[in-house]
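Visitor: What follows is each chain in one-letter form.
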Amino acid sequence: DTEVTQTPKHLVMGMTNKKSLKCEQHMGHRAMYWYKQKAKKPPELMFVYSYEKLSINESVPSRFSPECPNSSLLNLHLHALQPEDSALYLCASSQVGRESKNIQYFGAGTRLSVL
Amino acid sequence: SQQGEEDPQALSIQEGENATMNCSYKTSINNLQWYRQNSGRGLVHLILIRSNEREKHSGRLRVTLDTSKKSSSLLITASRAADTASYFCATDRGGGFKTIFGAGTRLFVKA
Numbered sequence: 001d002t003e004v005t006q007t008p009k010h011l012v013m014g015m016t017n018k019k020s021l022k023c024e025q026h027m028g029h030r031a032m033y034w035y036k037q038k039a040k041k042p043p044e045l046m047f048v049y050s051y052e053k054l055s056i057n058e059s060v061p062s063r064f065s066p067e068c069p070n071s072s073l074l075n076l077h078l079h080a081l082q083p084e085d086s087a088l089y090l091c092a093s094s095q096v097g098r099e100s101k102n103i104q105y106f107g108a109g110t111r112l113s114v115l
Numbered sequence: 001s002q003q004g005e006e007d008p009q010a011l012s013i014q015e016g017e018n019a020t021m022n023c024s025y026k027t028s029i030n031n032l033q034w035y036r037q038n039s040g041r042g043l044v045h046l047i048l049i050r051s052n053e054r055e056k057h058s059g060r061l062r063v064t065l066d067t068s069k070k071s072s073s074l075l076i077t078a079s080r081a082a083d084t085a086s087y088f089c090a091t092d093r094g095g096g097f098k099t100i101f102g103a104g105t106r107l108f109v110k111a
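Residue numbers (the working numbering), protein chains in the order written: chain A, 1 to 115; chain B, 1 to 111.
Bear in mind the hints are in silico, worked out from the structure with no lab data behind them. Incorrect hints may have been included.
[Stated by the list, open to error] The calculated PhoX-like cross-link candidates involving lysine-lysine, where the alpha carbons are at most 20 Å apart (straight line), are:
#, chain 1, residue 1, chain 2, residue 2
1, A, K36, A, K18
2, B, K98, A, K38
3, A, K41, B, K26
Okay, chain B solo, but in the shape it has when bound (with noise of 0.2 Å):
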């Protein structure tokens, strides 16, 4: 079973617009990942969140992770036509190799 969820399960925005994704998890982490996949396509690991941190950001990305809350959320800045694709946050579930995957939020950006 998986053990993130993350909502909403679909965004559609349009190009500019701010876009946030958020997940779930139930278990302790050591840290917690974001990929993204286009359609179809191989995953792209975007960032990592270590279980000390609150607060990340890579570019038009930020995220921030909530231990207390089991939590985690991804904003994309002035999102672009490029940036619709599935987003799935991942856990390790304790510092092994199994890594869980979100079900994953399809984001769609309007031109």
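Pulled out of the complex, with its shape left as it was, chain A reads as follows (with noise of 0.2 Å):
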């Protein structure tokens, strides 16, 4: 099983709103990613957890709070979004070894508005 699987597709929110996305894998990998892409953008770094600890935290809002409640799950979670936060999220897993860490699976995102 080499899928990484994210629910929601599609969430719309208001500024006030608390939502999650979720993110599972079982590929035993023990590195997984939040990235945020805008369209037509590159995807860009948001957080990596390995061993289900914060490794990289990429300067990103509060308002944005990654939990890694075990190595196959992966959740952030969503509150008091602004309208510039409308973006596709995608979650990643990869092994963690030296070269094996750059071989990242992605999941198919969530496509999140923010109202």
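Two chains, each in its own frame: build the complex with the hints.
Guide: Written out as structure tokens, the structure reads:
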């Protein structure tokens, strides 16, 4: 199974809402990533978890709160978002070896619209 | 900021033709990867080339790496309509978990 599953596929939320994005993989990968991608732009790294611990936070605003409950699951909690946060949010996973961590498996993404 | 820059930004070719995309980067790397993204979908890893390799092949893909010029190219031979996608190079910036993606080339293959 080489699949990374993201839910929901689409999400529309108001600026006062609280919602969560979910990501799941069963490949035994111990690194998981959140990326944000605007239209016609490359993915931008937000967070990296390694062995369920936050390894990288790319100075992401606190209205985005990641969580890694176990080695297979990654959540992104959203609160008080702004319209400019509308984007495709991509989850990825990888092994943690020197070279294997650079081969990332991506989910199909959650397309988020903030009204 | 993104480390990789790619050109061209967009490329339109006929089915059967070859497509070449280029990528430049700024800092030292352990390896460089190429990914494909179909419209609005997740990325798919295509190929990884190590910093001590100059050329690598995988099916219809040929990747070159010139570390002295900090550049790489991706050649897709005998293109097909199904190759229509955006192609991104990505680098590891010296070995950590941080992956930096280039701006991408949007390839359109006309049937």
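Visitor: Hints first: check each against the structure and report whether it holds.
Guide: Evaluated hints:
Pair hint A/K36 plus A/K18 holds up; C-alpha atoms about 18 Å apart against a cutoff of 20 Å. The straight-line distance between the Cα atoms of B/K98 and A/K38 is roughly 19 Å, inside the 20 Å bound, and the hint therefore holds. Taking the CA atoms of A/K41 and B/K26, the gap is near 19 Å; set against the 20 Å cutoff, the hint holds.
Checked against the numbered hints above, the structure violates none of them.
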